[in-house]
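> From first to last, the protein sequence lines stand for chains C and V.
Quick note: the first sequence uses numbering that gives the first Met the number 0, first residue 0, plus one each step.
Quick note: the second sequence uses numbering that gives the first Met the number 0, first residue 0, plus one each step.
Hints in this document: simulated from the structure, not taken from any laboratory.
A hint or two may mislead.
Unchecked claim - Partial list, computed: chain C residues near chain V (C-beta under 8 Å): (1) Asn4; (2) Ala5; (3) Leu12; (4) Ser128; (5) Ser135; (6) Thr210; (7) Ser211; (8) Gly259; (9) Val262.
A virtual CB, placed ideally from N, CA and C, is assigned to each residue, including glycine.
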Amino acid sequence: MEWLNAIVQGTLLGGLYALFAAGLSLIFGVMRLVNIAHGDLIVLAAYLGLTVTTATGMHPMAALVIVVPAMALIGYALQRGLLNQTLGDDILPPLLVTFGLSVIIQNGLLEVYTADPQTLNAGALETASVAVGGVSLGILPLLTFGIAIAVIWGLQWTFYHTALGRAFRAVSDNQDIAQLMGLNRRHIFGLAMALALGVTAIAGILLGIRTSFDPSIGGGRLIFGFEAVIIGGLGNLWGTLVGGVILGVAQTIGAKIDPGWQVLAGHIAFLVILAVRPNGLFPRVSG
Amino acid sequence: MTRTFKTATRRGFIAGATAAIAAPAILRATRAYAANPTLRIGNVSPRTGPLAGFAEADEYVLQAIQQVFSAGLDNNGKTWNVEIISKDSQSNPNRAAEVAADLILGDEVDIIVAASTPDTVNPVADQAEINEVPCITTDCPWQPYFFGRNGVPGEGFETTYHFFWGLEDVIAAFLDMWDKTGVAKTVGGLFPNDADGNAWGDAELGLPKPLAAAGYTLTDPGRYQPLSDDFSNQIAAFKAAGCEIVTGNMIPPDFATFWSQAAQQGFNPKVVTIGKALLFPSVIESLGDRGDGLSTEVWWSPHHPFSSSLTGISSKQLAEGYTAESGRPWTQPLGFKHALFEVVADVIKRADDLEDPSSIISAITSTNLNTIVGPVNWGDGPMNNVTKTPLVGGQWQKSGDAYELQIVANSTAPEVPVTADMKLLG
Numbered sequence: 000m001e002w003l004n005a006i007v008q009g010t011l012l013g014g015l016y017a018l019f020a021a022g023l024s025l026i027f028g029v030m031r032l033v034n035i036a037h038g039d040l041i042v043l044a045a046y047l048g049l050t051v052t053t054a055t056g057m058h059p060m061a062a063l064v065i066v067v068p069a070m071a072l073i074g075y076a077l078q079r080g081l082l083n084q085t086l087g088d089d090i091l092p093p094l095l096v097t098f099g100l101s102v103i104i105q106n107g108l109l110e111v112y113t114a115d116p117q118t119l120n121a122g123a124l125e126t127a128s129v130a131v132g133g134v135s136l137g138i139l140p141l142l143t144f145g146i147a148i149a150v151i152w153g154l155q156w157t158f159y160h161t162a163l164g165r166a167f168r169a170v171s172d173n174q175d176i177a178q179l180m181g182l183n184r185r186h187i188f189g190l191a192m193a194l195a196l197g198v199t200a201i202a203g204i205l206l207g208i209r210t211s212f213d214p215s216i217g218g219g220r221l222i223f224g225f226e227a228v229i230i231g232g233l234g235n236l237w238g239t240l241v242g243g244v245i246l247g248v249a250q251t252i253g254a255k256i257d258p259g260w261q262v263l264a265g266h267i268a269f270l271v272i273l274a275v276r277p278n279g280l281f282p283r284v285s286g
Numbered sequence: 000m001t002r003t004f005k006t007a008t009r010r011g012f013i014a015g016a017t018a019a020i021a022a023p024a025i026l027r028a029t030r031a032y033a034a035n036p037t038l039r040i041g042n043v044s045p046r047t048g049p050l051a052g053f054a055e056a057d058e059y060v061l062q063a064i065q066q067v068f069s070a071g072l073d074n075n076g077k078t079w080n081v082e083i084i085s086k087d088s089q090s091n092p093n094r095a096a097e098v099a100a101d102l103i104l105g106d107e108v109d110i111i112v113a114a115s116t117p118d119t120v121n122p123v124a125d126q127a128e129i130n131e132v133p134c135i136t137t138d139c140p141w142q143p144y145f146f147g148r149n150g151v152p153g154e155g156f157e158t159t160y161h162f163f164w165g166l167e168d169v170i171a172a173f174l175d176m177w178d179k180t181g182v183a184k185t186v187g188g189l190f191p192n193d194a195d196g197n198a199w200g201d202a203e204l205g206l207p208k209p210l211a212a213a214g215y216t217l218t219d220p221g222r223y224q225p226l227s228d229d230f231s232n233q234i235a236a237f238k239a240a241g242c243e244i245v246t247g248n249m250i251p252p253d254f255a256t257f258w259s260q261a262a263q264q265g266f267n268p269k270v271v272t273i274g275k276a277l278l279f280p281s282v283i284e285s286l287g288d289r290g291d292g293l294s295t296e297v298w299w300s301p302h303h304p305f306s307s308s309l310t311g312i313s314s315k316q317l318a319e320g321y322t323a324e325s326g327r328p329w330t331q332p333l334g335f336k337h338a339l340f341e342v343v344a345d346v347i348k349r350a351d352d353l354e355d356p357s358s359i360i361s362a363i364t365s366t367n368l369n370t371i372v373g374p375v376n377w378g379d380g381p382m383n384n385v386t387k388t389p390l391v392g393g394q395w396q397k398s399g400d401a402y403e404l405q406i407v408a409n410s411t412a413p414e415v416p417v418t419a420d421m422k423l424l425g
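With the rest of the complex left out, here is chain C (with noise of 0.2 Å):
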């Protein structure tokens, strides 16, 4: 039963972990940037959820109706005011600027809303459970599995099944001929970092409710989000999400040894993955 128990919330947290990894998974399968500010646009995002909820005394899943458009509009100016001077076939320049980006949004946040630890208070919402087969399961961390599944399932539909999704496809396999054809590379990666920040949106404000935050803890979330995206295979959203749950569940298990190892169990499962499959599990474009 604690086996299972250990299992299952590890299962959870890894809908986390694949909320975290969607954005830069999407961002990369569709522009080959590795975005390093990442972590950091998690935080901002659980920051302007607690400008929305403090200003207007909404309900933080609520305030997801302003902080998913405001993400997207500055995804959106990033992309096209920042990044898109960067991209060309060398990858530093662009990695090398989101990790300015990252140290810039850090001590902007740390300027206007001082260290403090915040939290989104969600009210009930944070510690209500239901038990399921003896085992104590949180409401939360389930609504953040169903709605990392429904954010990879609506990413998925968008990619495949809309003139959006074919534009996105057609510039990750050739920008140039993609550019020839009539779609303005610049215009879809705006598109596309917006939609990336939006799904940030999401995850930031579900970490804010799970937990509190202070702007600088972006950066250690950063990592898990890597490593879901490369268990996973790059560019494949599906296996984001299988990266996250491998991810989650080889902490909680590593944890149920000896919390020392939960953390050391998620990088060990993601290194013998890389060492058995280099391109991930499910690959879909090539480094």
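Fit chain V to the given chain C structure using the hints.
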């Protein structure tokens, strides 16, 4: 393409070498014997980063201190100007060591001070020790300070001194609180894999031994990695052991994760006493209604019956002054930051020869001062270079809309008055 090298000539070499040898004789820094000599104090604290909460009162304290120091301090009938140079450790131990070295070698400070957790205090003290600069630190339990720097009991350190409390005090204060509640003596421990967590959970020097001696059984699942996203295994272990008390040393995000997961998974302890995470009012506020009744150690509060040796204000006045100036509730590091400069001022006044570091150090060792956080006297410390200030147990209780840290157990320091009764959670 040809390159021409300037060949070294005998004359050129001799001129250069002579200049190099003679330079130190001319360039040696000499003190300007103008009106008043100046003493420089280096101050390292985590102004930014995750530990910034510890240093949020720095500006307020330094402003008041600088006002006192602006008239200069008397030493053997001579007035000394005192200059305080503050640097930010960015909550990073490597950065703390870097700025400490900068202060010592670049600014040539005469005394260096630091406060706030082993991550700030230890690297600064280590730099001071290597460079033989007098160093006074506080706001870090003495075990991580002493053993974390590989101190040898009986030998200690040459130039670095520390005042705060130790794990034995925190354990005594915690036990004092728990004894009053009459709950079952089963305790769950949450210790992270960091300097504090390892010291608290250490089988020999940490909580396990004294808890066992007092009749408590401790369930310690092991060290977890800080910034953990999941505590379900710890919660399962505590539930299985029937723990009614939870204790440990955590950072605020980890505690928030644990606390909401505990509720989700139906674990409702009656007493939760955590070090570090629950020190600050902002953290308790962020927990909403679920912050009510959490308990922690209290190193300083407006109720402490001490006053400043420098400005004469009482603990209450210092706290109220800070709240009035900043609009924020008082925090515990406020008193210690003030006390740190009280000790520095006292040392400056008493040293035989401020030009001589060893004379400053002997003034530090002979300190016997009643500060705003209690008596500081390195003559009666538990270990070389370390002395202790009183510690009591406190609980966050909601009064109206705001939380107040009430002192609920004081048998460790009876001079600090109890302000409320300990309540059970839930």
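> Which constraints among the numbered hints does this structure fail? Numbers only, ascending.
none
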